[in-house]
Each structure stands twice: as C-alpha cells, then as structure tokens.
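A.B. asks: One letter stands for each residue in the lines below.
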Amino acid sequence: MKKKETIFQLLTQKPWDPAQAKIDNMHDGETLNLSKGKLGLRYIMVVSSIFFSLFIITYSDRLVYADWQQMPEPLLLWFNTLILFISSAFFISAQTAAKNNQFAKVKQKLLIIGFLAFAFLLGQLFVWLQLINLGYYVAANPANAYFYVFTALHGLHLIGGLVYWNMTIKKVWITSDIVVVDAKHTVELCAIYWHFLLAVWVVLFGLMLFS
Amino acid sequence: MAADSYEDIAVDKGEVIPALEVPPQDLYHAKSFWTRWIFCQDAKIIGIQYSITAISIGLVALVLSWLMRLQLGFPQLVPFLGAAEYYQFVTMHGMIMVIYLLTALFLGGFGNYLIPLMVGARDMVFPYVNMVSYWVYLLAVLVLVASFFVPGGPTGAGWTLYPPQAITSGTPGGDGLGIVLMLISLSIFVVGFTMGGLNYVITVLQARTRGMTLMRLPLTVWGIFTATVLALFAFPALIVSCIMMTLDNLLGTSFFMPALVEFGEQSEYSGGSPILFQHLFWFFGHPEVYIVALPAFGIVSDLISIHARKNIFGYRMMVWAIVIIGALSFIVWAHHMYVAGMNPWFGYFFATTTLIIAVPTALKVYNWVITLWKANINLTIPMLFALAFIVTFVNGGITGLFLGNVIVDVPLSDTYFVVAHFHMVMGIAPVLVVFGAIYHWFPLITGRFLHEGMGKIHFWISFLGSYAIYFPMHYLGFVGVPRRYFEMYDSEYMAVSTNYLNQFITIVALIVGFTQILFLYNIITSAKFGKKAGKNPWKACSLEWRTPEVPAGHGNFGKELPVVYRWAYDFNVPGAKEDFIPQDIAPDQIPEAKAEAT
Chain A
211 MKKKETIFQL
221 LTQKPWDPAQ
231 AKIDNMHDGE
241 TLNLSKGKLG
251 LRYIMVVSSI
261 FFSLFIITYS
271 DRLVYADWQQ
281 MPEPLLLWFN
291 TLILFISSAF
301 FISAQTAAKN
311 NQFAKVKQKL
321 LIIGFLAFAF
331 LLGQLFVWLQ
341 LINLGYYVAA
351 NPANAYFYVF
361 TALHGLHLIG
371 GLVYWNMTIK
381 KVWITSDIVV
391 VDAKHTVELC
401 AIYWHFLLAV
411 WVVLFGLMLF
421 S
Chain B
50 MAADSYEDIA
60 VDKGEVIPAL
70 EVPPQDLYHA
80 KSFWTRWIFC
90 QDAKIIGIQY
100 SITAISIGLV
110 ALVLSWLMRL
120 QLGFPQLVPF
130 LGAAEYYQFV
140 TMHGMIMVIY
150 LLTALFLGGF
160 GNYLIPLMVG
170 ARDMVFPYVN
180 MVSYWVYLLA
190 VLVLVASFFV
200 PGGPTGAGWT
210 LYPPQAITSG
220 TPGGDGLGIV
230 LMLISLSIFV
240 VGFTMGGLNY
250 VITVLQARTR
260 GMTLMRLPLT
270 VWGIFTATVL
280 ALFAFPALIV
290 SCIMMTLDNL
300 LGTSFFMPAL
310 VEFGEQSEYS
320 GGSPILFQHL
330 FWFFGHPEVY
340 IVALPAFGIV
350 SDLISIHARK
360 NIFGYRMMVW
370 AIVIIGALSF
380 IVWAHHMYVA
390 GMNPWFGYFF
400 ATTTLIIAVP
410 TALKVYNWVI
420 TLWKANINLT
430 IPMLFALAFI
440 VTFVNGGITG
450 LFLGNVIVDV
460 PLSDTYFVVA
470 HFHMVMGIAP
480 VLVVFGAIYH
490 WFPLITGRFL
500 HEGMGKIHFW
510 ISFLGSYAIY
520 FPMHYLGFVG
530 VPRRYFEMYD
540 SEYMAVSTNY
550 LNQFITIVAL
560 IVGFTQILFL
570 YNIITSAKFG
580 KKAGKNPWKA
590 CSLEWRTPEV
600 PAGHGNFGKE
610 LPVVYRWAYD
620 FNVPGAKEDF
630 IPQDIAPDQI
640 PEAKAEAT
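Line by line, the protein sequences give chains A and B. With the working numbering as the guide, the letters of the first sequence map in order to residues 211 to 421. With the working numbering as the guide, the letters of the second sequence map in order to residues 50 to 647.
Just so you know, these hints were derived from the structure itself, not from any lab. There's no promise every hint is true.
To be verified - Every beta carbon over 12 Å from chain B, so not counted as near; a handful from chain A, in silico:
hint: 1; residue: His237
hint: 2; residue: Ser263
hint: 3; residue: Tyr269
hint: 4; residue: Pro282
hint: 5; residue: Glu283
hint: 6; residue: Trp288
hint: 7; residue: Phe336
hint: 8; residue: Gly345
hint: 9; residue: Ala349
hint: 10; residue: Val413
Said to hold, decoys possible - Below, simulated DSBU-like cross-link-like pairs (lysine-lysine); rule was C-alpha separation at most 35 Å, straight line:
hint: 11; chain 1: B; residue 1: Lys80; chain 2: A; residue 2: Lys317
hint: 12; chain 1: B; residue 1: Lys584; chain 2: A; residue 2: Lys394
hint: 13; chain 1: B; residue 1: Lys608; chain 2: A; residue 2: Lys224
hint: 14; chain 1: A; residue 1: Lys309; chain 2: A; residue 2: Lys380
hint: 15; chain 1: B; residue 1: Lys423; chain 2: A; residue 2: Lys232
hint: 16; chain 1: A; residue 1: Lys232; chain 2: B; residue 2: Lys580
hint: 17; chain 1: A; residue 1: Lys224; chain 2: B; residue 2: Lys588
hint: 18; chain 1: B; residue 1: Lys626; chain 2: B; residue 2: Lys580
hint: 19; chain 1: B; residue 1: Lys80; chain 2: A; residue 2: Lys380
hint: 20; chain 1: B; residue 1: Lys80; chain 2: A; residue 2: Lys232
hint: 21; chain 1: A; residue 1: Lys224; chain 2: B; residue 2: Lys584
Using N, Cα and C, we set each Cβ at its ideal position, and we do this for glycine too.
Work the whole structure out from these sequences, hints included.
C.D. replies: Printed below as a string of structure tokens:
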C-alpha cells in the first residue's frame with residue numbers, strides 16, 4: 211500500500227480511527243520503495259542541485275551588468291567535457307556488466323573511470339593555468355570569478371565522488387568477498403552520481419557558453 | 050488480559066502481530082572506551098555529545114550577553130569594553146545562539162537521541178556518517194572559538210554579516226581573520242549538518258518499525274523531520290553566500306562588493322551587489338527561524354499532551370500546520386529587508402505571505418490551548434515550561450504581525466522593538482522548550498529525575514525574568530531607542546528614563562543568567578544523586594519509554610523491535626485500566642479499552 215499512496219492520502223489518514231488502525235498495523239515502516247542508499251544519494255543530489263542552482267541564480271543576476279566580459283572557452287574545456295561523457299558511458303557499461311555478474315569487467319571499467327576522472331581534474335587545472343597565463347585572473351572580472359568558482363566546486367564534487375568510487379572499487383575488488391547484491395547496488399549508486407555530475411557540468415558549461 | 054501493568058503485557062505477547070522479520074541492522078559494536086564514548090556511532094551518545102557541545106558554546110553566548118547588557122546599562126563599569134568589543138559580542142552572541150546552540154541542540158541533540166527511539170529503530174540508518182557529522186560540527190565550533198584569539202578578534206559585523214561592511218577595515222574583525230574564520234566555520238557547520246540531516250530524514254522515512262505509519266509518529270518527530278527538510282533547502286543558501294564572501298575577502302572578487310572608497314582610497318572592488326547577499330542570507334535566515342521553531346512546536350505538543358493526560362487536539366491539523374509553515378517559510382524572507390531599498394511592491398508581496406503564515410501558526414496555538422481545555426493538567430516542570438512557551442510564543446508572534454507590515458516596520462526596524470520581538474519569538478520561546486524537554490527526557494537519558502525544587506526556582510526566575518527583560522524593550526523601541534548602539538548614556542533625544550530602564554534590564558538579565566548556573570548544577574548533581582525515575586515515569590505512550598532497559602542500551606530495543614498498534618496519544622481511553630496506552634500494546638491485550646470512543 212505504501213507504493214500507491216499519495217502524500218495527500220497519507221496526510222489525511224486518521225490514526226485514531228479503528229478501521230485505519232487495522233491497515234496501519236500491517237505497515238512495514240518504509241515510506242518509499244527505495245533502498246536507503248538510493249534515498250541517501252537523492253538527498254545529496256537535491257542538496258547539491260540547490261547549491262548549484264543558487265549559484266546560477268546569482269550568476270544570471272550578475273551577468274546583466276555592463277562590466278561583464280565573457281571569457282574565452284579554451285578547446286581543452288570541450289575535451290574535458292568529452293572525458294566526462296566517456297566516463298559516464300563507461301559507467302553504463304559497468305552497470306550492465308555488474309548486472310550480468312561479470313565483475314572482472316566491472317573492475318576494469320571502474321579503473322578506467324577513475325583514470326578518466328583524474329584526467330578530467332588535471333585537464334581542468336590546465337585550463338586554469340592557460341587562462342591565468344592569458345591574464346584572466348579571478349578578480350579581474352565577475353565572469354572570470356564565476357568560471358573559477360563553478361569549475362572548482364564541480365571539481366570538489368568530483369573529488370567527493372572519487373572517495374565513493376574508491377569504496378566501490380574496494381567492494382568489487384576481492385572476488386571471493388563480493389557480496390553480489392551489495393556490490394551491484396554500490397556500482398549503481400556510484401554511476402548515478404557520475405551521471406549527475408555530468409549533468410551539472412553540462413548545465414554549468416552551457417551556461418557559461420551561451421550567456 | 051489479567052496484567053497489572055503494561056510492562057507485564059509487553060512480556061506476555063498473546064495474540065498479536067509478530068515483529069517484521071527484517072535483516073539485522075549493521076550496527077557497529079564498540080570495543081574500546083574510545084569507540085564507545087568518543088568516536089561513537091550510537092545516535093544516543095552522539096545526541097549527548099551534540100547537546101554538551103551546544104550547551105557549552107551557548108554558555109559563551111550567555112556570558113557575552115551579560116557583557117553587552119553591562120555595557121548598555123552601566124557603560125563605565127567594564128573598562129575593556131569599547132565599541133569594537135560590543136559589536137563583536139553582539140555578533141558572536143547572535144550567531145552562537147541561533148546556529149551553534151539552538152539548531153545544533155534541537156536537531157543534533159534531540160534529533161539524534163529521540164528519532165531512532167521514537168520511530169522504533171535500532172539506530173540512525175548511517176551511523177558512521179552520523180558520527181562524522183558530530184565531529185565536523187565540533188570542528189565548526191572550534192573554528193568559531195578560534196576567532197576570539199586571532200589578531201583583531203572575532204567579526205563584529207552583526208550576525209547577519211552584511212557586506213560590504215563585514216569585510217571592510219572599519220568593522221571589527223573585518224580586515225583580519227575574524228570574518229574569515231566565521232565564514233569558514235559556518236561553511237563547515239553546513240557540511241556537518243548535511244551529514245546529520247541525511248540521517249534524520251532517511252531514518253524517519255525508511256527505518257520505522259512495523260505499524261509506525263507517518264501519521265502515527267509523535268509530533269516531536271514531525272517537527273524535527275520537517276525542520277531538517279527545511280534545512281536541506283535553506284542551508285545551501287548560507288554556504289553559497291559564505292563561499293562568495295570569502296572569495297570577495299581573500300581573492301578580491303566582487304560578488305557582493307560594490308565600488309567603494311575606504312579611508313579615502315578607492316578599493317579594488319566594483320559592481321558587486323550587497324543586496325544579493327541579503328537575499329541569499331535571508332533565504333536561509335528566515336527558514337532558520339522555523340528550523341528552530343518547528344522542533345519546539347513538536348516537542349511542546351508532546352509535553353502538553355503527556356502532562357495534561359489528554360490526546361493532542363487536532364493531530365492531523367498539527368501535522369499539516371507544521372508542513373504548511375515549513376513551505377511558507379521559504380516565501381517570506383524579504384520581510385527582513387523592508388528597509389534595504391528594494392522595490393516597494395516586493396514589500397507588499399512579502400508582507401502578505403508573512404501575515405498568511407500566522408494562520409497555521411495560530412492554528413497550532415489554538416490546538417495547544419484546546420488540548421488543555423478540561424484536561425487533567427499536571428503542573429510538572431516540563432508542563433510549566435510548555436505553558437510558558439505558549440504564552441511567550443503568542444507574545445512574540447503578535448509583535449511579528451506588527452513588524453510584518455511594511456509601514457509599521459519601517460519606523461520600528463532599527464529599534465529595540467525588533468530586539469524584543471525576535472528574542473521573545475525565537476530566543477526565549479524555543480529555549481523554554483529546550484528546558485521543558487530536558488526536564489521531561491532527563492529520566493530517559495539518566496534514569497533519574499532532575500531536582501524539582503531547583504527546577505521550580507529555575508523556571509520561575511527564567512520565565513518571569515525574561516519578561517522583565519523583554520517587555521520593557523518593546524517600550525524602549527516605541528520611544529525610539531535604536532538598536533546596535535553601543536552607548537546611549539548621554540544621547541539627547543532619548544529620555545533619561547530609558548537609561549534607568551536599561552539598568553533595570555541589565556540587572557534582571559544578570560539574575561536570569563546566573564539562574565542558568567543553578568540549572569547546570571541541577572543537571573550535574575541529579576545525574577548522579579537525583580531521585581530514581583524508573584521506567585516511563587511520566588506515563589507517556591511513545592516508544593522511547595518502551596525500551597527493555599532505561600536508559601536504552603545499544604540497539605535500543607532488545608531482541609525484537611516493537612510493533613506499533615496505535616498513535617502516540619492514547620490518553621484516558623474509556624474503559625482502559627490506566628490513563629494511557631503505549632503505542633506497542635495490541636488492542637486484544639486490552640479488550641476493555643474503547644479507543645474509538647476517545
């Protein structure tokens with residue numbers, strides 16, 4: 211019954227009513243048909259989305275002023291974006307492999323994903339260096355400031371993702387110890403977070419590109 | 050059922066629904082002193098750690114308030130107190146009370162201790178993350194305290210930290226490390242809180258025991274849960290504004306900083322918007338009021354119901370009101386900014402939403418009062434604090450209606466009327482609930498009562514004293530005494546009588562402050578020597594009192610989790626032998642009770 215209940219139905223229950231009590235007595239205590247891990251991940255994604263949305267709102271508020279000077283987009287940024295797309299694609303195939311219990315493949319793909327993540331972070335640092343060498347300092351213009359803030363915060367989120375990636379690797383690494391359901395679940399959560407970070411980056415990059 | 054008490058029934062299960070067979074929660078079992086008491090993953094210990102830390106830093110805020118009051122009442126008395134120190138103390142007092150004490154205590158303290166016990170869980174769903182959340186909070190507190198010891202001292206920008214003044218050299222701590230440490234500490238706090246909030250939300254949603262539907266939850270859990278959801282939406286605004294202001298300060302960006310001349314020199318800043326900061330800050334700041342108030346609403350509902358031996362009137366409406374207040378709290382923020390120079394039409398919108406929020410809030414007050422109507426009111430100390438809360442909240446709320454109107458707010462905005470209003474509504478009122486809750490749940494935590502005599506002295510001095518402090522402040526505001534002034538002694542436009550009133554307020558504030566030491570003494574001595582309480586001394590229905598041992602052991606509920614058969618408010622059910630039926634007592638164990646006639 212918990213799967214079909216709307217929030218309005220839920221909030222209009224009369225807990226003191228004997229008829230309702232009979233239904234309630236059999237309730238298993240879970241509100242949503244979701245694992246705790248998945249719900250936890252959604253919680254984190256909601257907080258992060260609000261966090262980035264607020265930055266985007268301030269960005270759109272600021273860019274209408276006359277002193278705003280758009281930054282160039284180095285080619286390397288496009289390359290970095292491609293890296294994120296590729297790593298998300300690898301995660302999709304890692305998920306498929308995990309579903310088919312092919313954990314050797316999962317390991318391989320997770321390692322590639324980790325390598326790509328480091329490559330992306332290094333790539334972003336190179337973009338910073340390039341722009342600094344060209345004289346685009348953080349305090350020189352609000353557009354610059356937002357660029358550095360967006361890339362830094364997205365990078366920090368990815369570093370957080372790498373911590374979870376590390377936990378995922380540990381879970382699938384020692385074959386004899388793999389608790390299959392648990393490992394599949396962890397791979398899935400890690401994949402969702404990776405896709406989320408790709409989406410965040412696409413929004414931020416698109417925003418900086420088209421504003 | 051021939052049972053003398055519910056304890057016997059709990060042993061003799063009879064024909065009842067069996068507990069749900071769920072895989073045992075992967076609890077960490079402590080092996081050493083360090084993992085048992087220090088780096089502990091048990092929510093109950095974490096709750097106590099949060100509470101001790103929050104109360105300790107709260108005491109610092111209390112001492113700061115004494116110093117502020119001494120300066121206002123007797124300006125010549127404290128030689129080391131100048132304008133800079135006064136503003137630093139105001140800032141730190143406000144920030145500590147709102148965030149590091151009240152938010153941390155209600156959600157980190159009561160939330161951790163009560164949520165798993167009240168919903169019938171063995172622990173929070175992510176105990177490790179929960180432990181880390183406390184240590185991150187402690188780090189935030191330590192960084193905040195560190196700002197007292199850096200050159201230039203802590204920030205004196207006011208708790209709202211408005212730029213540009215917060216990071217300019219004329220403001221105490223503005224050009225040194227003071228403001229930086231404050232911004233870093235707040236950011237750390239938000240990170241730690243997000244980890245804690247993750248646990249509170251998911252434990253309430255997914256880890257309840259069999260039979261515990263959302264609408265059977267005690268209102269305390271509803272209050273804490275909704276407040277956490279508010280924090281989930283509101284705290285990102287705080288951390289975003291902190292990050293941007295830190296960058297403005299350290300790297301010279303101009304997110305919030307406009308072009309300005311500082312001590313005759315043109316600064317490097319240009320084009321930033323201070324108003325943008327205000328919007329971000331109050332988008333966090335107003336929900337923050339309800340992050341503190343909603344747990345207080347929930348707790349006070351339970352205190353009133355239990356100590357008046359009557360089911361809470363309009364349970365569903367109480368839940369709805371909590372949810373609606375939570376939602377509305379996100380569209381009222383700019384009523385803090387009527388005098389900030391924003392478009393007046395904005396003001397009308399926010400005035401309207403502000404007044405609408407009074408509707409669900411008033412509904413709650415009516416329901417508390419109707420619960421008391423013809424009830425068997427026990428004037429225990431928790432009940433005294435609950436009653437004091439209702440009165441105080443109504444007083445503070447009514448002055449909120451004044452200030453919610455643009456035209457009334459404009460002349461009153463910078464006066465002591467505002468100080469009186471927010472202290473009554475979100476200072477004194479929630480603190481009274483904190484006290485009531487501590488007196489109520491102290492037997493649950495320690496197995497002993499707090500000393501009643503000391504409790505009564507503590508209550509009456511705190512309650513009457515806080516009125517003696519804040520009622521006159523309304524008058525001071527009306528006659529135009531401005532807030533934020535560090536010295537008012539010889540101001541020509543203020544009547545001399547206002548000085549006497551300030552002296553009176555200062556003396557009472559010191560007395561009320563010292564009474565809190567009596568409260569602490571009561572806690573320390575009663576924990577060891579207090580009267581033994583036994584199980585469920587207040588005869589409450591909710592699950593936290595139904596653990597096999599009190600205080601509850603690791604994992605909370607013995608071998609089997611309890612099964613819930615009723616809501617948490619079955620008091621004075623016709624036909625029942627006792628005047629309460631705990632949530633885990635099945636109907637066929639007490640066939641004589643007629644719950645439907647309640």
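A.B. asks: Now, for every hint given, state plainly whether the structure supports it.
C.D. replies: Okay, the hints, checked on the actual structure:
1. His237: The assertion about His237/A is violated, with a minimum of 5 Å to chain B.
2. Ser263: The assertion about Ser263/A is violated, with a minimum of 8 Å to chain B.
3. Tyr269: About 10 Å separates Tyr269/A from the closest Cβ of chain B, which leaves it inside 12 Å; violated.
4. Pro282: Holds, since 19 Å exceeds 12 Å.
5. Glu283: Correct as stated: the minimum Cβ-Cβ distance to chain B is 20 Å, above 12 Å.
6. Trp288: 26 Å, holds
7. Phe336: 20 Å, holds
8. Gly345: 15 Å, holds
9. Ala349: 4 Å, violated
10. Val413: Correct as stated: the minimum Cβ-Cβ distance to chain B is 16 Å, above 12 Å.
11. Lys80/B - Lys317/A: This hinted pair holds, its Cα atoms lying about 34 Å apart.
12. Lys584/B - Lys394/A: 45 Å, violated
13. Lys608/B - Lys224/A: 31 Å, holds
14. Lys309/A - Lys380/A: 18 Å, holds
15. Lys423/B - Lys232/A: Distance ~30 Å between Lys423/B and Lys232/A Cα, so the pair holds.
16. Lys232/A - Lys580/B: 40 Å, violated
17. Lys224/A - Lys588/B: At roughly 23 Å apart (the allowed maximum being 35 Å), Lys588/B and Lys224/A satisfy the hint.
18. Lys626/B - Lys580/B: 27 Å, holds
19. Lys80/B - Lys380/A: Holds, because 24 Å separates the two Cα atoms, which is no more than 35 Å.
20. Lys80/B - Lys232/A: Roughly 43 Å separates the two Cα atoms, so the pair is violated.
21. Lys224/A - Lys584/B: Roughly 29 Å between the alpha carbons, so the hint for Lys224/A and Lys584/B holds.
Consistency with the previously given hints fails for numbers 1, 2, 3, 9, 12, 16, 20, ordered from lowest to highest.
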